[in-house]
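Enquirer: Each chain is listed here by its residues.
There are 2 protein chains.
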Amino acid sequence: MFRSILQGIVEEAEGYSAVLMGYDGLAVEQYDRPAEVGDLTSFAVEYAHILKEMKDTLGVLNSGEIEELTVRTERFQIIIRTLNEEYFVILTMKANGNYGKGRYLLSRDLFRLREELQ
Amino acid sequence: MFRSILQGIVEEAEGYSAVLMGYDGLAVEQYDRPAEVGDLTSFAVEYAHILKEMKDTLGVLNSGEIEELTVRTERFQIIIRTLNEEYFVILTMKANGNYGKGRYLLSRDLFRLREELQ
Numbered sequence: 001m002f003r004s005i006l007q008g009i010v011e012e013a014e015g016y017s018a019v020l021m022g023y024d025g026l027a028v029e030q031y032d033r034p035a036e037v038g039d040l041t042s043f044a045v046e047y048a049h050i051l052k053e054m055k056d057t058l059g060v061l062n063s064g065e066i067e068e069l070t071v072r073t074e075r076f077q078i079i080i081r082t083l084n085e086e087y088f089v090i091l092t093m094k095a096n097g098n099y100g101k102g103r104y105l106l107s108r109d110l111f112r113l114r115e116e117l118q
Numbered sequence: 119m120f121r122s123i124l125q126g127i128v129e130e131a132e133g134y135s136a137v138l139m140g141y142d143g144l145a146v147e148q149y150d151r152p153a154e155v156g157d158l159t160s161f162a163v164e165y166a167h168i169l170k171e172m173k174d175t176l177g178v179l180n181s182g183e184i185e186e187l188t189v190r191t192e193r194f195q196i197i198i199r200t201l202n203e204e205y206f207v208i209l210t211m212k213a214n215g216n217y218g219k220g221r222y223l224l225s226r227d228l229f230r231l232r233e234e235l236q
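Line by line, the protein sequences give chains A and B.
Mapping to our numbering: the first sequence position 73 is 73, numbers consecutive.
Mapping to our numbering: the second sequence position 87 is 205, numbers consecutive.
Hints in this document: simulated from the structure, not taken from any laboratory.
Hints are not guaranteed to be accurate.
Lysine-lysine pairs mimicking DSSO-like chemistry, simulated, CA-CA at most 30 Å apart [claimed, not checked]:
hint	chain 1	residue 1	chain 2	residue 2
1	B	K219	A	K55
2	A	K101	A	K52
3	B	K212	A	K101
The following label-pair restraints were derived from C-beta to C-beta distances [claimed, not checked]:
hint	chain 1	residue 1	chain 2	residue 2	range
4	A	K101	B	K219	15 to 21 Å
5	B	N180	A	E86	26 to 32 Å
6	B	M119	A	L110	41 to 47 Å
7	A	R114	B	E204	36 to 42 Å
8	B	Q125	A	T41	40 to 46 Å
9	A	G25	B	M119	39 to 45 Å
10	A	R3	B	E192	38 to 44 Å
11	B	E204	A	R3	38 to 44 Å
12	A	R108	B	L144	39 to 45 Å
Residues from chain B shown here face chain A by an in silico Cβ test under 8 Å; the list is partial [what the hints assert, rightly or not]:
hint	residue
13	F161
14	M172
15	T175
16	S181
17	T188
18	V189
19	E192
20	R193
Predicted model only: the values in this text are computed from it and were never measured.
The beta-carbon is built from N, C-alpha and C at its ideal position, and this holds for glycine as well.
Pulled out of the complex, with its shape left as it was, chain A reads as follows:
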C-alpha cells in the first residue's frame, strides 16, 4: 500500500524517486521511476542523517517541529516531508521540475501515509 502511494506521487510529480524512511536511515518502502540518474539511496540515507541532526538541534532552539525540508541543487530538487516522530518521505525531482506540484502531492497524501503507519 505504501508503494502504490509513493508510485502515485512520483508519477504525478514526474519525479525520480520517493522513499518512506525512518530517522534511523532505514527505508520502509521506495519507488523509483526508471531513469538514468543512478542510485539515489545513498542520498536518502544522508538526508535521514541531516534531518535527524536538524531535528535535535532545532528542538533545542525552540523553533517547533520540522514539517518540511527542501534542497535545490544543480541536478535535483528534493522535498522531505515529515510524517511523525519516526518517519518521513523524500521525493527527488529533476532540477527544473514542478516543485509546487511535488509539495502539493506530498501534502495531499500525508494523511494516507500516516494512517498506513499506524
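Following the hints, position chain B against chain A.
Expert: Coordinates of chain B only, in the frame set by chain A:
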C-alpha cells in the same frame, strides 16, 4: 550596502530577519525587523553548520552544488540561498508567510549581493 539589500528583502517579504553569512558561521551583515521572536542568531549559526555539512556530503554524492535550502517548522519558514563558495543568505519568515515571495526576493537580489561581495 549589504544592509539596505537585506532590509529590502525582509520588509518586502514581511519576514523576521535576513543574514548574510559565511560557511564559517560568521555573519557579515544582518537586518532584523523588530519582532517578538527572540534572537535568531543562534539559528543562523546552526544553519551555517548544517549547510556546510550538506555541501561536503552532497559534493561527494555528485548531486551538484546546493543552490537553495528551505526549512519549514511549526514556527518559521527559513529560506537559505547560496551566493558563492563562501557566503549565503538566510531569510527567516513566519510559518504562514508568503514563501514564494521570499524565494523571489532572494533570487531578485542575488546578483546585487554577489556583486557587493567582490
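Enquirer: All the hints need checking, so say for each whether the structure fits it.
Expert: Okay, the hints, checked on the actual structure:
no.: 1; hint: K219/B with K55/A; verdict: holds (26 Å)
no.: 2; hint: K101/A with K52/A; verdict: holds (26 Å)
no.: 3; hint: K212/B with K101/A; verdict: holds (22 Å)
no.: 4; hint: K101/A with K219/B: 15 to 21 Å; verdict: holds (19 Å)
no.: 5; hint: N180/B with E86/A: 26 to 32 Å; verdict: holds (30 Å)
no.: 6; hint: M119/B with L110/A: 41 to 47 Å; verdict: holds (43 Å)
no.: 7; hint: R114/A with E204/B: 36 to 42 Å; verdict: holds (41 Å)
no.: 8; hint: Q125/B with T41/A: 40 to 46 Å; verdict: holds (43 Å)
no.: 9; hint: G25/A with M119/B: 39 to 45 Å; verdict: holds (44 Å)
no.: 10; hint: R3/A with E192/B: 38 to 44 Å; verdict: violated (30 Å)
no.: 11; hint: E204/B with R3/A: 38 to 44 Å; verdict: holds (43 Å)
no.: 12; hint: R108/A with L144/B: 39 to 45 Å; verdict: holds (41 Å)
no.: 13; hint: F161; verdict: holds (6 Å)
no.: 14; hint: M172; verdict: holds (6 Å)
no.: 15; hint: T175; verdict: holds (5 Å)
no.: 16; hint: S181; verdict: holds (5 Å)
no.: 17; hint: T188; verdict: holds (5 Å)
no.: 18; hint: V189; verdict: holds (5 Å)
no.: 19; hint: E192; verdict: holds (3 Å)
no.: 20; hint: R193; verdict: holds (4 Å)
Hint 10 from the list above is the single one not met by this structure.
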